[in-house]
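Chemist: Residues per chain are reported as follows:
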Amino acid sequence: MSAAFAVKSTETRSSPPPAAQAARSDLAIDCKIDKLFYGDFLAVRDSHVPIEKGKIVGFIGPSGCGKSTVLRSLNRMNDLIPSFRFEGHVHFMGQDIYARNVDPVVVRRHIGMVFQQPNPFSMSIYDNVAFGLRLNRFKGNLDERVEHALRRAALWDEVKDKLKNNGLSLSGGQQQRLCIARAIATEPTVLLMDEPCSALDPIATRRVEELMLELKKDYTIAIVTHNMQQAQRVADVTAFFSVDISQGGRTGYLVEMGPTEQIFNDPREQLTKQYISGQFS
Amino acid sequence: MATVVDESRTTTSADLGRSWSDARAVTNTLLTVGAWLVALLAAVPLVSVLYMLIVQGGARLGLELLTELPPAGFEHGGGFGNAILGTLVMVGVAALIGIPIGVLGAIYLAEIAPDGRLARTTRFLAKVLTGFPSILAGVFVYAILVLTMGTYSALAGGVALAVLMLPTIVLTAEEAIRMVPRKMKEAAVGMGCTRTQTIWQVMLPTALLAILTGIMLGIARVAGESAPLLFTALFSNYWLSSLAEPTASLSILIYNFSSMPFDNQIELAWAASLVLVLIVLVFNILSRLVGRPKV
Ligand SMILES: Nc1ncnc2c1ncn2[C@@H]1O[C@H](COP(=O)(O)OP(=O)(O)OP(=O)(O)O)[C@@H](O)[C@H]1O
Ligand SMILES: [Mg+2]
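First to last, the sequence lines map onto chains Y and C. For the first sequence, numbering that gives the first Met the number 0 gives the first residue as 0, with consecutive numbering after it. For the second sequence, numbering that gives the first Met the number 0 gives the first residue as 0, with consecutive numbering after it.
To be clear, the hints were calculated from the coordinates, so they are not data collected in a lab. The structure presented is a predicted model; accordingly, all values stated were derived computationally and were not measured. By construction, the Cβ of each residue, glycine as well, lies at the ideal position given by its N, Cα and C atoms. Check each hint, because a few of them may be wrong.
Stretches of chain Y that chain C covers, calculated by requiring three or more beta carbons in the stretch to come under 8 Å of a beta carbon on chain C [said to hold, decoys possible]:
{"no.": "1", "segment": "50-61"}
{"no.": "2", "segment": "107-121"}
One side only, chain Y facing chain C, incomplete, derived with CB under 10 Å [stated by the list, open to error]:
{"no.": "3", "residue": "103"}
{"no.": "4", "residue": "104"}
{"no.": "5", "residue": "131"}
{"no.": "6", "residue": "135"}
{"no.": "7", "residue": "137"}
{"no.": "8", "residue": "141"}
{"no.": "9", "residue": "178"}
{"no.": "10", "residue": "181"}
{"no.": "11", "residue": "185"}
{"no.": "12", "residue": "187"}
{"no.": "13", "residue": "191"}
From just these sequences and the hints, can you work out the full model?
Modeler: Structure (structure tokens):
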């Protein structure tokens, strides 16, 4: 299991950090960021974000504080940006996903992602959902898995008669649920969601939220949201990030993280209190 | 100040009608009419060429054109089936060479190393090559293929056309791949696609129609070329039986027949011109059809 995403076994365990063994077993992902850079720009610093199994973790904070950056570093999506640099570690399934012998492609097959803008592929609804399964050379009953994923994404009844239609022909809310179906079809361990509802109307938003609560039984979810009510409705644990402008830059960092209940009713930090009561400047 | 404003506000009968005499209106009219005239002028050669072709070439259109061989000196009748076949075969050879190289090159330029020195050089050369005198492509292939093979051939003709077709395909396909929205690429990477899978399974299918448009334009560009074929395929009065022998083409047939002193041949040259224009037109229309976004 722990070797699941090693590229080459020839690389003889060059850098297994000792912390790997000490990792808490109740964590799906243990993310410890020292510094995240875009080129010379220090985007995020000193943030320890442990993500417990089977929980929904909400990331909140003012715009530009690095929520997306942190979320995308959890499945190495930031590798797409050539200037990005990561210092720290992200433990997942007993390994640091930033270790040199880890293949980011395999990491992403275990940690799925749903984006802010719905982004179905320009192919049929069926093929969209089957995409990841085919990628993984899934041998079982494809129809069954596609239907299952669409049912879980609460989309089946709306599309079951038009599975051959292009995914882009659906409404925005349906497209987003299609993207969720696509992401869960391969049954990843963790689901990352970056403001998944920001392009949706309140009704579609509610459906996606219900869906997250339903998915929580099997998945660990990390979600970025700008919507305080949404964080309170869905997140078990909330992480509040803020921007530090003291050293001239605009560096984001984790202010505090705890049970959503506590963050919203009894925050430890003054900054958190100000932000959730809307006094943030 | 205030009084000025008030005055204009209270004017109840401002003249809002068109005035034909003030300077602005006159310039406007002149420029509009001028633009019309120039546009009309630009259309004159095109329309008159088409008109001539239809009048002069239409008379001879018939099935025997497709099935018969070019007539000799004083013969009557005949056709140019071998030239049509030759043109299609050489365009086909060009496409077979130009499409894979062009599309792979475009993938490199758009996705693999867009800012590398090789990419910048290639892009620049491709742009230069789009305006390349086509006869030079013929001379080039003459030197590397005709001389080494010891014969003019359909293959050499096809290669010369491929050289001309390549830049169009590379540049349009690169543009097409670049136009694929970033979120599509992110979706693919997020699903755990390798770079190769991202390109082949998501980006290329998304860009497919735009790439096809470029291919059709590339084909339309070379189908009517004569200069490069003069040095490479030459001509033949017989049906094509091998890629390694001189081959007839419509453009060279037009060139040959139009300067002959026989009415029959001159009529055939007109008919061949019409057929050639129709072939080019078909690819142009196809490029528009496939490129049109479907809803
Ligand atoms: N590709 C990039 N290149 C350079 N800097 C970037 C890049 N992406 C983000 N940044 C910078 O990193 C910082 C954090 O950005 P990020 O997108 O993570 O913020 P965010 O908290 O998600 O904001 P929002 O709530 O507006 O989405 C910002 O200052 C941003 O300008
Ligand atoms: Mg963001």
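Chemist: Each hint: holds or not?
Modeler: How the hints compare with the structure:
no. : hint    : verdict
1   : 50-61   : violated (count 0)
2   : 107-121 : holds (count 10)
3   : 103     : holds (9 Å)
4   : 104     : holds (5 Å)
5   : 131     : holds (5 Å)
6   : 135     : holds (8 Å)
7   : 137     : violated (13 Å)
8   : 141     : violated (16 Å)
9   : 178     : holds (7 Å)
10  : 181     : holds (7 Å)
11  : 185     : holds (8 Å)
12  : 187     : holds (9 Å)
13  : 191     : holds (8 Å)
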